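Based on the hints, put chains B, C and D in the right spot on chain A.
4 protein chains.
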Amino acid sequence: MIRAGIIGATGYAGSELVRILTNHREAEVVWYGSRSYIDKKYHEVYQNMFRIVEDVCRDDNLAELAEEVDVIFTATPQGFLAGILTEEILSKVKIVDLSADYRIKDVKVYEKWYGIEHKSPGFISEAVYGLCELNRGQITPATRLVANPGCYTTCSILTAYPLVKEGLIDTDTLIVDAKSGTSGAGRGAKLPNLFCEVNENIKAYGVATHRHTPEIEEQLGYAAGREVTVNFTPHLVPMNRGILVTEYAKLKRKADGALPAYEEIRAAYEKYYGGEKFIRLLDSGACPETKWVEGSNYVDIGFVIDERTGRIIMMGALDNLVKGAAGQAVQNMNLLFGLQESQGLEMVPCFP
Amino acid sequence: MIRAGIIGATGYAGSELVRILTNHREAEVVWYGSRSYIDKKYHEVYQNMFRIVEDVCRDDNLAELAEEVDVIFTATPQGFLAGILTEEILSKVKIVDLSADYRIKDVKVYEKWYGIEHKSPGFISEAVYGLCELNRGQITPATRLVANPGCYTTCSILTAYPLVKEGLIDTDTLIVDAKSGTSGAGRGAKLPNLFCEVNENIKAYGVATHRHTPEIEEQLGYAAGREVTVNFTPHLVPMNRGILVTEYAKLKRKADGALPAYEEIRAAYEKYYGGEKFIRLLDSGACPETKWVEGSNYVDIGFVIDERTGRIIMMGALDNLVKGAAGQAVQNMNLLFGLQESQGLEMVPCFP
Amino acid sequence: MIRAGIIGATGYAGSELVRILTNHREAEVVWYGSRSYIDKKYHEVYQNMFRIVEDVCRDDNLAELAEEVDVIFTATPQGFLAGILTEEILSKVKIVDLSADYRIKDVKVYEKWYGIEHKSPGFISEAVYGLCELNRGQITPATRLVANPGCYTTCSILTAYPLVKEGLIDTDTLIVDAKSGTSGAGRGAKLPNLFCEVNENIKAYGVATHRHTPEIEEQLGYAAGREVTVNFTPHLVPMNRGILVTEYAKLKRKADGALPAYEEIRAAYEKYYGGEKFIRLLDSGACPETKWVEGSNYVDIGFVIDERTGRIIMMGALDNLVKGAAGQAVQNMNLLFGLQESQGLEMVPCFP
Amino acid sequence: MIRAGIIGATGYAGSELVRILTNHREAEVVWYGSRSYIDKKYHEVYQNMFRIVEDVCRDDNLAELAEEVDVIFTATPQGFLAGILTEEILSKVKIVDLSADYRIKDVKVYEKWYGIEHKSPGFISEAVYGLCELNRGQITPATRLVANPGCYTTCSILTAYPLVKEGLIDTDTLIVDAKSGTSGAGRGAKLPNLFCEVNENIKAYGVATHRHTPEIEEQLGYAAGREVTVNFTPHLVPMNRGILVTEYAKLKRKADGALPAYEEIRAAYEKYYGGEKFIRLLDSGACPETKWVEGSNYVDIGFVIDERTGRIIMMGALDNLVKGAAGQAVQNMNLLFGLQESQGLEMVPCFP
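As you go down the protein sequences, you meet chains A, B, C and D in turn. The numbering of the first sequence is our numbering, which starts it at 5 and goes up by one. The numbering of the second sequence is our numbering, which starts it at 5 and goes up by one. The numbering of the third sequence is our numbering, which starts it at 5 and goes up by one. The numbering of the fourth sequence is our numbering, which starts it at 5 and goes up by one.
Hints in this document: simulated from the structure, not taken from any laboratory. All the given hints hold, so there is nothing to weed out.
No copy labels: a pair is met if it fits in one copy or bridges any two.
Simulated crosslink set (DSSO-like; lysine-lysine; CA at most 27 Å straight-line):
#1 Lys-45 - Lys-275
#2 Lys-44 - Lys-281
#3 Lys-254 - Lys-116
#4 Lys-194 - Lys-45
#5 Lys-281 - Lys-45
#6 Lys-109 - Lys-169
#7 Lys-44 - Lys-194
Since the structure is predicted, the reported quantities are computational estimates derived from the model, not experimental observations.
Isolated chain A, as found in the complex (with noise of 0.2 Å):
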């Protein structure tokens, strides 16, 4: 049984973990760590715990906790991580960090996008980006820490990625228009997050300055071999759970001038996701749908080409508290010990 103590376990991210891993048959949670309700029942902050979590609420004691466990999932603000980590600690225990203080390999367009100084540069290079499709083979039992990507980059690069890969679009036309539920906003007593200010309302924010612009990018350059700029532009929908991105990019044309065929776009995407258990490529004409994932940790992934303009249309949905963060966490858990990858991420999504 692997032993797993979560940092930051009273977040929306910490508990969505907390639900994962209590029907997981090969971890259990033994620390509850949450600095604001230390000495607090966990199922009285989170009360569907209620008879399922018995724990009491711990304090974020890194070096304790790495004594205690066998790895440890930190869902914490940027910064906390890379403030308090070391060698000793990673020497003793595994760590996926949901945070984005080791996502990004250069340290400069962390400390850019993000403003504030990286206190721990050091392990950034040993960080293994922990997108499973794509970097699985990196993520084995000799990995020490994992780089959760975030909900926001999770869909808008494996939506993409299939395509920049083998060249079928011009990278310098990508946009990703972005759509989250409020839960990415966490649980934060803020203004903006409240009820009235959500509810029947729609907005974007960070426009052209959000945090996981670098982190797209980063990812997409690996695919294209060169470097990536897109535009990124998140919109906060009045949902609990949910990200659905949009992506526009003008289709590279043939010799003769003519688009890529639906058959080509579709052949590129089952090349990479053909075997995937947790990406489900739509059929045609279908477009995903947030609620169709809801409590799962699929992505649901289509596209419309548009022979007016040329450009294609991709499609992506996810859970962002799952394949966008605690599921995703789960499964680089899965993969750092050699179990099965899938191993307690069969929920089928929830509907309605």
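Quick look at chains B, C and D alone, frame taken from chain A:
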């Protein structure tokens, strides 16, 4: 492996049966009955099941179905099963009926409230009312026909049952004010269920005439040992899932005029529910919230004694599609086949 | 032109006052008091008022404000106005208080339910309880201080008043089950009011302890001519605006044991509300819905007699920010200044 | 007093016309046309109008109606008006058509996108495209037929118009990603519009095929002085009202390769909208939100220049039922009768 057939597999209750049985280790769905979608792939009707269910929808031929499966779930309109059930069918297959056809023992009461003639009253006495926590002893491998309780009913009865049974409240004063999510209204394309009609709105409906009333009265009447007549008022709430009931009754005073103490009331609940996996009696002062049970088979119950009025306010919450329909149906199936009662029903409530 | 000042102009009730007064032909807001946003443009706090209100927010100096305006609306926390009100201020300006400070005549009751000491009980007897339809005669140009009723209270009282007044129901059996949109909880950044906590959820709160209870009891007590004690249970509903109350009471039987006829009950409502512009007694069988009154000053009322239980179910719906707060406050202002009572309140309900 | 008739008065756009005209001082509705509800009281279909509208619904006899009113609003399905419009009718009455029948000048384009034959193409050239802010000069008492723009279209065009007109953006790169509330889908009882299908969900639909596309292209083409082809992708959002568009385009660089400055872009917007009552150009950095315009005739516009990609992100928000339908129709009516353009349209946005 238990072979299960569902008639009405494309309604919300039917689709929830599919979701739950997909993760059930000892049962599988082999017949997706849906008159409206015959020959259409099930996952085209419910895209959440894409790559999970490959079957097509089939008709609702009960006789043919009885040859192929071990248990049939009928998630059908009132009168459907009563109109076609025969001894021959029941001799071949067990049936869990999610409609009201066999819930009410007095056929005249059924016919009055439902406004239709009962076509097979002969089976009513055989049918067991499938409120597992109360009638577990009668739901055995020898049982052929289970009348699965209604969603409002399950919540209303379980919330008050121990106090009625123990004679702690005056049932003549019992009032049930119920609030339900919209999935309870089904997937029919009706104007009152359109998003714009339900969203940002709350209303009572079926006031003094709702069909779940006699079902509540009959079952509580058994507990009371005398006839019970209640006010039951359902309300439509702008949310997908969940039922909350708020019940009011006068507490019976003791010889000295005092009200029963908190501990006495609590002891009554513990007496009946102390060992129940799916009924969670909340800590003192906690009020149930539908979100805390969403997606799970739990019923959460809490209560407050009002010294000023001498009344007790009992509150219960459940997911109308799970414990209020499909979850309880699977719980009944487990009992019918001698499986562990909670098999396939271990879903942790999903929050947020 | 009446010059109006608002203290608490950036709360939801305060902002609704701004919305309503903006379209009022004989009044204008000249002081937007908001301690939290002093010197900030009002439309930066409420961007809906962009290009409509150019003023900046100001402090809450009641004495200074009294020099500048004809009427002050205090949409402030309990205790604020009571703590600073003086005879000198009242000699200069009329006040419509949207808090509870002067609603309850018995200061001990106020102090018990609100848990704070009343700092100026001397003004309580002077204050008129501003439920316009009932107390219109006392709200005149000679009146200086109006205690604007609470949102739950307005709805609860108006729904039952005629039947209490006419002695048609047994007030000992009166139960008020109320459901409110989330704007009633205010604009404070509190965890329970976050979108993800409220959405897809319903719960009761303040069970047997909510502060609007004694206000309902006092006013209905005047109507009954005797003390009235009720159960009042508020619920939080995932919608922005709206209150629905469902009230239950035993009808008093006639000498021959018969219940009052529908027409008799209806006549009682017509007697008191027949001429009221803002109270709409619905046609037989129609149930109020909060959406049908949204954005307007209407209260919709309906009822059903349940012959089986001998109870009447009374239902009322209003917009908690309009008739439940700002609309009624403006209605009171109109009366205080001898204007047409409906001036500025002709908003047609907005659907959908 | 202008006498107005509405055909399609019981759809959402029609009912919004009723709401707005009820408060219009120089117009009144005298004919509530609704084929589905003939002889039913209008307020039985829309209970918000109880005690406000006493009329019954009538049929959709255009010829008879033309005798009785000064202006007809047709809020009807595509093809309805084109199928029955005659010179005789137009000689008697002005028509504001909320359908698409006369919006597109090239009848072949209309027939291709709408898939129906146009039955009266002879009137297309006469019809004025009623986007008031751009075509005000052609909407005069001499005008007989106004083609009221679509909801998506109004928002999409107004958001980009000044930059297209001034040649500041490369229209070949223009992408419109639009998000709409569900009232845009109408009041038809269709499964995809049920509460449980829309709530907690977001999806794209009509990708690369939505009928508002050619309307956007035609109007922006006039501004550009050349053909414009865009990607337009609508999304369904779980809210009642509101449209948000997020538009992307490459800014044209100056001779020195520099992007236009913020002030230059702003000046272009001010040039066209500086004097417009219903278009609010937001302050630098502010993003439009649909809630800030709800219930009003405003369009809020904001923009961000992304130096990294050389693109501008333009955002616009409006209420699809007001400025996107009924409000603009009344604005057109005001122009047609020489009234003040904003008459009856002074609604302050309703928040929250």
